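K.L.:
Spelled out from the first residue to the last, the chains are:
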Amino acid sequence: TQLLEQSPQFLSIQEGENLTVYCNSSSVFSSLQWYRQEPGEGPVLLVTVVTGGEVKKLKRLTFQFGDARKDSSLHITAAQPGDTGLYLCAGFHGSSNTGKLIFGQGTTLQVKP
Amino acid sequence: GAGVSQSPSNKVTEKGKDVELRCDPISGHTALYWYRQRLGQGLEFLIYFQGNSAPDKSGLPSDRFSAERTGESVSTLTIQRTQQEDSAVYLCASSLRGGYGYTFGSGTRLTVV
Numbered sequence: 001t002q003l004l005e006q007s008p009q010f011l012s013i014q015e016g017e018n019l020t021v022y023c024n025s026s027s028v029f030s031s032l033q034w035y036r037q038e039p040g041e042g043p044v045l046l047v048t049v050v051t052g053g054e055v056k057k058l059k060r061l062t063f064q065f066g067d068a069r070k071d072s073s074l075h076i077t078a079a080q081p082g083d084t085g086l087y088l089c090a091g092f093h094g095s096s097n098t099g100k101l102i103f104g105q106g107t108t109l110q111v112k113p
Numbered sequence: 114g115a116g117v118s119q120s121p122s123n124k125v126t127e128k129g130k131d132v133e134l135r136c137d138p139i140s141g142h143t144a145l146y147w148y149r150q151r152l153g154q155g156l157e158f159l160i161y162f163q164g165n166s167a168p169d170k171s172g173l174p175s176d177r178f179s180a181e182r183t184g185e186s187v188s189t190l191t192i193q194r195t196q197q198e199d200s201a202v203y204l205c206a207s208s209l210r211g212g213y214g215y216t217f218g219s220g221t222r223l224t225v226v
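From first to last, the protein sequence lines are chains A and B. At position 73 of the first sequence (counting the first as 1) the number is 73 in this note's numbering, and the numbers step up by one without a gap. Offset between the second sequence (1-based) and this note's numbering: plus 113.
Just so you know, these hints were derived from the structure itself, not from any lab. Quantities reported herein were computed from a predicted structural model and do not represent experimental measurements. Just so it is clear, CB atoms sit at the ideal spot from N, CA and C, and this is done for glycine as well. Do not take every clue at face value.
[Claimed, not checked] Cβ pair distances, simulated, as ranges:
1. Val226/B to Asp67/A: 46 to 52 Å
2. Glu181/B to Ile13/A: 41 to 47 Å
3. Ala68/A to Gly214/B: 22 to 28 Å
[To be verified] Listed next, the in silico EDC-like pairs over lysine to aspartate or glutamate satisfying Cα-Cα at most 20 Å (straight line):
4. Lys170/B to Glu185/B
5. Lys100/A to Glu157/B
6. Lys100/A to Glu181/B
7. Lys100/A to Glu5/A
8. Lys128/B to Glu198/B
9. Lys70/A to Glu54/A
10. Lys124/B to Glu41/A
11. Lys100/A to Asp169/B
12. Lys57/A to Asp71/A
13. Lys56/A to Asp83/A
14. Lys100/A to Glu185/B
15. Lys57/A to Glu17/A
16. Lys130/B to Asp199/B
17. Lys59/A to Asp83/A
18. Lys112/A to Glu17/A
Full structure from sequences and hints, please.
P.N.:
Shown next as structure tokens:
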């Protein structure tokens, strides 16, 4: 059983479309992180959200942490082929911000030109 | 170095052989993590080192897996009597302190034939 469930698992869209990836849990997380991973490389940290209800924007990417700190979303506006990759959410379970970082199973995004 | 360095980048081994994977973290990073990633999947936590504290080994899948870290430097992950199900990418990450700013290496792709 995954503590962090990501949906959808696969997404194939055309350039210019918008999309949202979800990361859900029945448990509380002290913070959540989003990573992007390209083939043959390690994940690269995009953002960390720590406060319930927090919204962070990174150019065309908008990240939100749920009020109850059990879920998060990543919204991409006007997707581009360069956004193609595996998107991973990860978090620290409970009240700690150290120790075991738990990952979701990932969302594979393909943006076609 | 500037980033987390892992070696070898690729390793093909025969079933039943032992393998040793190496991780050189970013200098000064006290926290070091090992993860396993199967094709197209999320990251599976293996072990976490934080300074001189006892490591969190709760993710090691069997007693064939072990890891060591000397102080705040190099870490090695050893898999004894490799099995085909051990085939995966093994990723290492380090952090200035546990909790924030994880930097991943590019991983070691292990294939057991």
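K.L.:
Hint by hint, note whether the structure agrees.
P.N.:
So, going through the hints one by one against the coordinates:
At roughly 50 Å, the beta-carbon separation of Val226/B and Asp67/A lies within the given 46 to 52 Å, and the hint holds. Distance hint check: the CB atoms of Glu181/B and Ile13/A are about 45 Å apart, consistent with the given range 41 to 47 Å. Hint check: Ala68/A to Gly214/B, Cβ distance near 25 Å, so the stated range 22 to 28 Å holds. The suggested pairing of Lys170/B with Glu185/B holds, with an alpha-carbon distance near 17 Å, which does not exceed 20 Å.
Only pairs whose Cα atoms come within 20 Å are accepted, and Lys100/A paired with Glu157/B is accepted, the gap being roughly 10 Å. Note on Lys100/A and Glu181/B: the hinted pairing holds, with a Cα-Cα distance of about 17 Å set against a maximum of 20 Å. Distance hint between Lys100/A and Glu5/A is fulfilled; the C-alpha atoms sit about 17 Å from each other, no more than 20 Å. Of the supplied pair hints, the one linking Lys128/B and Glu198/B holds, its CA atoms being roughly 10 Å apart against a limit of 20 Å.
A C-alpha spacing of about 12 Å is found between Lys70/A and Glu54/A, which places the hinted pair at or below 20 Å, so the restraint holds. Restraint check for Lys124/B and Glu41/A: the C-alpha separation of about 16 Å stays at or below 20 Å, so the hint holds. Between Lys100/A and Asp169/B the CA atoms are separated by roughly 8 Å; this keeps the pair inside 20 Å, and the hint holds. A threshold of 20 Å between alpha carbons decides the hint, and for Lys57/A with Asp71/A the separation of about 17 Å falls inside it, so the pair holds.
The straight-line distance between the Cα atoms of Lys56/A and Asp83/A is roughly 18 Å, inside the 20 Å bound, and the hint therefore holds. With a CA separation close to 18 Å, the supplied pair Lys100/A and Glu185/B stays within the 20 Å bound. For the proposed pair Lys57/A and Glu17/A, the alpha carbon gap of about 18 Å is at most 20 Å, so the pair holds. Between Lys130/B and Asp199/B the alpha-carbon distance is near 12 Å, which keeps this suggested pair within the 20 Å criterion.
Annotation: proposed proximity of Lys59/A to Asp83/A holds, straight-line Cα distance about 12 Å (limit 20 Å). Only pairs whose Cα atoms come within 20 Å are accepted, and Lys112/A paired with Glu17/A is accepted, the gap being roughly 10 Å.
In the structure shown, no violation is registered for any of the earlier numbered hints.
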